[in-house]
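Student: Sequence lines, in order, name chains P and L.
With our numbering applied, the first sequence closes on residue 288, and no number is skipped along the way.
With our numbering applied, the second sequence closes on residue 316, and no number is skipped along the way.
To be clear, the hints were calculated from the coordinates, so they are not data collected in a lab.
Hints are supplied without guarantee of correctness; some may be wrong.
[Said to hold, decoys possible] Computed from the model, here is a short list of chain L residues facing chain P with C-beta under 8 Å:
no., residue
1, I62
2, A96
3, I231
4, Y235
5, P294
6, L297
7, A301
Note that CB positions come from ideal geometry on N, CA and C, so glycine has one too.
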Amino acid sequence: METFLGVVIGGLLIGGLYALIAMGLSLQYGVARVLNVSHGEFIMLGALTTWSLYTAFHINPLLSLAVCGPAAFALGYVLHRTVYRRILATSPSPGVFESNSLLASFGLLFVIQNVALIAWGANTRGYSYLAVPVSLFGVLFGANQLLTLGCALVVGVAFYVFLARTRVGKAIRAAAQDSTSAALMGVNINSVLALCFGFGAALAAIAGMLISMCYPVTPVMGIPYTIIAMIVVVLGGLGSIPGSFLGGLVLGLIGSLVTYIEPSLTLVAYYLIFALLLLVKPTGIMGR
Amino acid sequence: MQTGKASWLRLRTPVLWLALLAAMGTLSLYASPYTVIMVTNILMYVILTVSWVLFSAPTGYISLATAAFFGVGIYTSATLGGQLPLPLIILTAGVASFVLAALVGALTLRLKGVYFAFFTFGLVELIKHLLLWYEVSVTGVRGRFVVSADNVTIYYIILGILVILLLTSYLIRRSRVGLALQAIGEGEDAAAHTGINVSAVKTFVFALSAVFAGAAGAAMATRWGYVDPYIAFDYLFSFTAVAMAVFGGLGRFEGPILGAVVFAFLRELLITRFPYVYMLVMGSVLVVTILYLPQGLVQLAQKSTWRRLRGHREPA
């Protein structure tokens, strides 16, 4: 029973992170239509910035949220305003935009990764923050891990409320459904798409900040997280933000179970689920 | 006079290609061993690039899995080396890559393009993890030694693979399959309505393009001597193929070849001393090319571009 609880809680702990990462990607693909394969690089930037601030100035990792979040948002916003908007303007069809923006984000992946390699070097780094055991239903967990889940839930719910209750959120949802009609109804579509891309990047950086509290960080850590985000986005249903959140928790639970049995096969198991999903229900949990 | 000039124009391209082939085919007779090695590396990148273009350029489906097929080739060579003659190993590698790509294609290519892009992006990582687990828990080895072949042999094998690949992509472009592929790229629903078996055509050409990446991997592995899953399944091979092709230009047959030659040469100069700078340059060039030079390097070679840059306007 304790093992079972351990697996479930462990799954939720990692699932919260997955949910956050996937929500960001879902926003970028679901609304801005950018297949952003450089998503994980924003996670990496968030994680390494937090590490630098902590080791150099002893700034509390949670406080570096105030730096990472806005900085990543600005970077994402500017990227969309410059790169993706130009591609959008020059692409004759949505299909061409999809492939060209994918290629551009593939290029950005290597730009960001190698800038980080030059800036930070290739070493694996980590720091110890709140690494004290906490007993939960008789199972021991790191306080930092529980904090991670708490933060992920708060950020996820806050973002959902933002989408559901505010005027900008409404504009984003309208753009997700049909960007052409939304533009005709007076939504400033270029601004909304750039906002979405910025929010996606900010969510990734926040996730990176949380990841750095529990796991080692390197400049090349981004790609596995990007893959996981992609699988979660498909699992939850393409373009559905609540679906991504749910999908993240589900994948976290599965991952925790597989890690308990055979740790080195976690990513393989995710991929197996991905393949099964494509065979049986490609629309995902909450897809239309 | 007029007819003589016309027939020379018609013959010019094939004659130039044949002259190039003759020069390449006798390279080991007049070039230094170092040049042979360098040209082998460049040709390997040309193979990866052209094989990527074979499927992704006409359809618009972006495959990010070149490295996976290349890696399958490398590991075929590593496991079968010494047990089979080299040509058979290379053939096996091609077949293995074909089967893998056909499976991936059958799974993802009947769905929207986004599933294909997502699935191929993670494929390299998937195989790497699977292989690491297998090597650690079943065979108990981390890396493998590959039975090596001499540089001149590898050069001619790589050249041979490239020639077959170029012929294949030339013929595919002019065949029914190539036309079907073109139609799919321009409008998938419309293509399906004209009676094209859209999924089958896509899957077949995707699998065919993987054969060459796999064969190249098998040949190159014999030169490296030692491989492990991290060396064999490296994203950089996918990335460089895509970047080189886009940089050269997808619209023309020569574009990707040109892009690959330019970048592979640049790689020879930079990779050992400034690897990160090299990758940074490649990433930036890919982004800049997409933004400002959508037809790639070959666009510059066309007269109208020069005229437009000098301020002339094309007649509308």
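Student: Compare the structure with each hint and give your call.
Tutor: These are the hints, each one checked on the structure:
no., hint, verdict
1, I62, "holds (5 Å)"
2, A96, "violated (19 Å)"
3, I231, "violated (15 Å)"
4, Y235, "holds (7 Å)"
5, P294, "holds (7 Å)"
6, L297, "violated (15 Å)"
7, A301, "violated (21 Å)"
In this structure, the hints that do not hold are numbers 2, 3, 6 and 7, in rising order.
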